[in-house]
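Peer 1: As they're listed, the protein sequences go chains W and G.
With the numbering used here, letter number 878 in the first sequence gets 878, and the count goes up by one each step, no holes.
With the numbering used here, letter number 48 in the second sequence gets 48, and the count goes up by one each step, no holes.
To be clear, the hints were calculated from the coordinates, so they are not data collected in a lab.
Glycine residues also receive a C-beta, built at the ideal position from the N, C-alpha and C atoms.
Don't take each hint at face value.
Quick list of in silico lysine-lysine cross-link-like pairs, DSS-like style, CA-CA up to 30 Å [stated by the list, open to error]: (1) LYS393(W) with LYS374(W); (2) LYS248(W) with LYS374(W); (3) LYS453(W) with LYS281(W); (4) LYS317(W) with LYS102(G); (5) LYS281(W) with LYS269(W); (6) LYS317(W) with LYS122(W); (7) LYS269(W) with LYS382(W); (8) LYS102(G) with LYS29(W); (9) LYS136(G) with LYS560(W); (10) LYS567(W) with LYS81(G); (11) LYS453(W) with LYS374(W); (12) LYS343(W) with LYS379(W); (13) LYS453(W) with LYS393(W); (14) LYS594(W) with LYS393(W); (15) LYS567(W) with LYS136(G); (16) LYS560(W) with LYS102(G); (17) LYS269(W) with LYS379(W); (18) LYS136(G) with LYS102(G).
Covered, in the sense of this in silico footprint (three residues per stretch, anywhere, with C-beta under 8 Å from a C-beta of chain G), are these stretches of chain W [what the hints assert, rightly or not]: (19) 59-71; (20) 737-744.
Derived DEER-like restraints, expressed as beta-carbon distance ranges [to be verified]: (21) ALA157(G) with ASP490(W): 23 to 29 Å; (22) VAL41(G) with THR311(W): 29 to 35 Å; (23) GLU92(G) with SER387(W): 50 to 56 Å.
Letter by letter, the chains look like this.
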Amino acid sequence: MDDEILQDFLAESWENLSQLDTEIVALEKDPKNDDLLVSIFRTIHTIKGTCGFIGLTRLGAVAHSGENVLGRMREGQLDVTPDAISLVLQVVDVIKELLEGLEATGGEPVRDDSELIARLDKLAESGTVESSADATADGLAMIEAIGTEQAAPLNETEEDADTTGEPEIEPQLAVPEPIETDMGATTITEPIHDADTAQTAETGKTSVADLSIRVNVNVLDSLMNMVGELVLTRNQLLQLARDDDESKYAAPIGHLNRVTTDLQEGVMKTRMQPIGNAWKKLPRLVRDLSQVTGHHIELEMTGAETELDRTVLDAIKDPLTHMVRNSADHGIESPEDRRAAGKPETGRIRLNACHEGGHVIISITDDGRGIDTKRVLAKAVKNGILSEADGAKLSHNEILSLVFHAGLSTAEKVSSVSGRGVGMDVVKTQIERIGGTVDLTSVDGVGSTVRIKIPLTLAIISALVVESGGESFAIPQLGVVELVRLAADDRGRIERIHDKEVFRLRDRLLPLVHLDSAMGLDDDPAEEDCDINIVVVQVGDEQFGLVVSEVFDTEEIVVKPVGMLLKEISLYQGTTILGDGRVIMILDVAGIAKQFGGLSTASDLRDAAADAATDSDGDSAGEYTTQLLFDVAGRTMAVPLSLVARLEEFSQDQIERSGDRLVVQYRGDLLPLLPVEGGGGISDSAEMQPVIVFSEGENSMGLMVDEIRDIREERLIIRMNSKRPGILGTAIINGSATEIIDTQHYVTKADPGWFAASVPRPSRRILIVDGSLFFRQLLATSLEVESYSVISAEDPVEAIELIERGEKFDAVISEIGMSRMNGFEFAAWLRERSDCEYMPIVALSSRGSSADQQNATQSGFDRWLTKFNSQEVMSTLDDLFARVPTQTGATT
Amino acid sequence: MSATAQLDKRTEAESEMDQHLDYSNQYVSFWIDGQLLGVPVSSVQEVLNPQQIARTPQARPEIAGLLNLRGQIVTAVNLRKRMNLPDREENESDLNVVVRHKGESFSLLVDEVGDVINVSAETMEAVPHTLDPHWKSMTDGVFRLEDRLFIVLNVNATLNIS
């Protein structure tokens, strides 16, 4: 059992119990007081409910029987007699004992309460307290209880118990009867119990109730604010002390610094709460929902102990409730439907929370019917969110992202359960307000997952202070990957593609954004001959470089919300006050990336899809990729920038002929050069020959073009497939039809041994598992052109995560040699799963000994293909799909 | 507070007399481009000397920036820009009339701060029809002081910049 849940339960129960004694006694004096009765009933009921939830069966059983008796009283079917009250008080005492045991040992003490339960049940049924022997027991219990009170946390209980222990019960004490023997058994446990009591009394300080106090959150909030102020003042003092080496204040300031840091951490800690607090109501909610809807639902919660700042916790409470409600109401099907679909009748909603970096990831997964994309789309069209024609072009993920669009509630009729007026758009807004992101994945008939990523705390963060255009800004450290400083002489390493600057950082092209121009500040005139500072920041899976004029220290800053007049600016995520009292803006790198585009989201198709799913704007949601545009023979063509390794220029005399091929000496090797098909070859006009270099491991090839034009971020929809070699198809980029070149065609042509060429099929979901990003994209592109939908994973471990998350695929194409797990093991794992038993699994490898191939067949691969002949891949898939028993087809 | 002298003597005496009476009739007055304007005392948090204001790039032109008021961040609104008045000379510094609005503090940048003016709300008149509609949308009404007109700004409308 979870320790923190238990601690919370104990603290709560002690508090409730303390008031229970008072109330029960008051009830005895005023048996007609319905309010009291209801309150007592509710308390016992709460305890019972929680017991059930956290698996305390003994406690639950006693509370349950007690609740029955109280329930009868409440209904007026049972008189509130002193006998009955005594019995109820005995229930309270037993509960207390059990709680004490629980607190001391972490588990329920072993004891037999069946006798008490029997009597309670008897009372509930017949309205009579069974015998006076029990009364003796009552008396004993009372006396016991009084003894116990010393260990009980609150004084008032003691007094109350004292009063109850008096006159009314005494007469009954005098009449002992048969069942005494049974009582003997109870008495035997007494010494043990006493020992327990003594122990608890001794170590009384460790009692949860003693250790925790309830503090009004406002007190904590103002404390937090004050600590924030203190941190600022501390920073100011540190700054002053830094300026003056001789300062006699240096030592005390140093001490102040440490104390402040500790204090800050301490106060932050007081605000941290386990996320389970936001989940407490969910089991009940789900239970109620299953009653109303008739669905059988099991709620599974893991990671409830994950801690979060309470402001964050408060902010996600409603969205979480809403999403669980959604899953239970719309996600999980009726038992009949589930049976028909071959699923267990009981649907499952899984809630999971965990820490990841400075974030908390919460996922809500159900194994229901998934989101009906057709209905979502129909609704979106009906509500005028987009036109039918536009809708037809959307991918699965794009349609899913519409769910977050304001004014789209998929529930056609507002059921009693949902329809609180909270839509998914509100959920998204609330989560984004606290700097979180939401994404949604859903597979028809299999279920859906909502993944929420939120920051741990909003209050104090570590940030890098930079200067640009004469102004200082803070960049949250979380988003900063590295700092690159370029000497003024090395300016040449920054290259231009049309009006976009890129920097070659190791083997990548890093798009650059000048912060001063992004901010609309004057360019620093001195910048030309200064060193260049590039802050490499991460947005999702993309990196880009922010060019700033100066990089200062990293500081702990107190995040203050952006005022309402500045809220609309997406470039800022907050404001803060620096040590010297200056106010500066905290940049939102994601906002900058969005606004100043030119960034590729294509590096990982899966994430691009996820990004698309989180995009709030349904119309523009899509898989944006950055395309490199170039001219060949007067035509503009494009290639996804993520496939491009480098851009080079060679002078004409560097280009040599080797047989019928063109090569240049490049980085100690020969780089084969190819002209664009139909594009003529070496450009005659220009002195320098621009070349786009594609690279994979050791192998590189260069494509000769006439001119590099531009980088454009576009949603790449290939409108027309092309029959011409070397052209994937035509897409609309920058408003005009642009041919997208097929890099694999050229790569193959340059070195047939590297890979081999491409051709088309129906919409199915394929999982590509391969360690090479380049290859994944290459394969994904050619599969997508054939209208397959493709998800890729870097290695089997990632692939397994996807599958376990409920993603379904129609086929898997996997490399063999990969990190973490090899392809053989992966295939074997897949074949173990009932849902993957008949799924085509294709090995696509660059190696190929016959032993490997044999091994592959044994571990479950259907086919072995050598990298890379797309034609062969397509025909193999066609062939395999033709044999697959239809019921395993996963999607669409 | 040098503008005190410019105020009507009678009003001044009255305001002193009624100081501890009803705040609803009191207005903090200030000068912008030769015009006497004011906001209700109840909405004013404090009045500050010229402050260092941090620029907020990409914000609307009416937003002058942010200032640090004892650890609290205050959004400064360039009232001249807000009211479509010409900018001041560069070397002139603005005073801050800090107002509370929807739980946040804002500083209205003004040329000079006048006195607290005490007038009976009943004597407030509607602004003339002919007034620039932009101004009209930001004002509650006008008082006829003995020697000049005193325009009362509506804080809500003034800070509703969009």
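Peer 1: Against this structure, judge whether each hint is valid.
Peer 2: Going down the list of hints, with the structure as the test:
1. LYS393(W) with LYS374(W): 13 Å, holds
2. LYS248(W) with LYS374(W): Distance ~73 Å between LYS248(W) and LYS374(W) Cα, so the pair is violated.
3. LYS453(W) with LYS281(W): 21 Å, holds
4. LYS317(W) with LYS102(G): 25 Å, holds
5. LYS281(W) with LYS269(W): 24 Å, holds
6. LYS317(W) with LYS122(W): 42 Å, violated
7. LYS269(W) with LYS382(W): Violated, at roughly 49 Å.
8. LYS102(G) with LYS29(W): Between LYS102(G) and LYS29(W) the Cα gap is close to 51 Å, so the pair fails against 30 Å, i.e. violated.
9. LYS136(G) with LYS560(W): 34 Å, violated
10. LYS567(W) with LYS81(G): 20 Å, holds
11. LYS453(W) with LYS374(W): 27 Å, holds
12. LYS343(W) with LYS379(W): Answer holds: LYS343(W) to LYS379(W) is near 28 Å, not above 30 Å.
13. LYS453(W) with LYS393(W): Given that 30 Å is the threshold and the Cα spacing comes to 29 Å, the pair holds.
14. LYS594(W) with LYS393(W): Within the cut-off at roughly 23 Å; holds.
15. LYS567(W) with LYS136(G): 26 Å, holds
16. LYS560(W) with LYS102(G): Cα-Cα ~16 Å, so holds.
17. LYS269(W) with LYS379(W): With Cα atoms ~45 Å apart, LYS269(W) and LYS379(W) exceed 30 Å; violated.
18. LYS136(G) with LYS102(G): Between LYS136(G) and LYS102(G) the Cα gap is close to 22 Å, so the pair holds against 30 Å.
19. 59-71: violated (count 0)
20. 737-744: Violated - the region 737-744 of chain W has 0 residues with a Cβ nearer than 8 Å to chain G, which falls short of three.
21. ALA157(G) with ASP490(W): 23 to 29 Å: 54 Å, violated
22. VAL41(G) with THR311(W): 29 to 35 Å: 34 Å, holds
23. GLU92(G) with SER387(W): 50 to 56 Å: Since GLU92(G) and SER387(W) have Cβ atoms about 55 Å apart, the given range 50 to 56 Å holds.
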